[in-house]
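Chemist: So that you can map any letter, position 23 of the sequence shown is 23 in the numbering used here, and since no number is skipped, the others follow by simple counting.
Please note that the accuracy of each hint is not assured.
Claimed, not checked - In the DSS-like style, the derived pairs of lysine-lysine whose C-alpha atoms are separated by at most 25 Å in a straight line are:
no., residue 1, residue 2
1, K55, K81
2, K20, K9
3, K7, K18
Rather than coming from a laboratory, the hints here were simulated on the basis of the structure.
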Amino acid sequence: MTRRSNKIKHKAKTTLNKVKTNIKETLCNIADIPSTSVQQLADFIQHHPDAKVTKKQMLGISYAFYSLETEGYNYYLETNKSKILQLDGHYRIKKLYLIDHIGIIIN
1 MTRRSNKIKH KAKTTLNKVK TNIKETLCNI ADIPSTSVQQ LADFIQHHPD
51 AKVTKKQMLG ISYAFYSLET EGYNYYLETN KSKILQLDGH YRIKKLYLID
101 HIGIIIN
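Work out the full structure: start from the sequences and follow the hints.
Modeler: Here you go:
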């Protein structure tokens with residue numbers, strides 16, 4: 001019985017996540033809100049000519065810290081080799097998003 005209920009719960013969670021994703025995509029399309037992937041945004045920040053980069057070695061691990069301000073947007077990116085550890089974005093004062101080291105988006 002427990003096995004079956006766990007399977008049903010998992011299926012329900014998966015279905016709700018798909019619905020949530022579809023609703024979000026539909027709203028963004030209707031509102032014509034531009035979107036990008038986390039990796040595309042990180043690449044943009046890393047390769048932007050105005051980005052300020054600080055590199056540090058801590059406990060034998062290399063880290064890079066990027067800061068970029070452009071067109072009223074402020075970005076902050078932390079990386080460890082090719083891994084994105086943190087990516088923050090602000091538009092003037094309003095916080096746009098926060099992506100932590102495990103990929104959770106917090107508004």
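Chemist: Would you mind marking each hint as holding or not holding in the structure?
Modeler: Hints, verified against the model:
1. Distance restraint check for K55 and K81: the Cα-Cα separation of roughly 11 Å lies within the 25 Å cut-off, and the hinted pair is therefore satisfied.
2. Using a Cα cut-off of 25 Å, the hinted pair K20 and K9 holds, with the two alpha carbons roughly 16 Å apart.
3. About 17 Å separates the Cα atoms of K7 and K18, which keeps this hinted pair within 25 Å; it holds.
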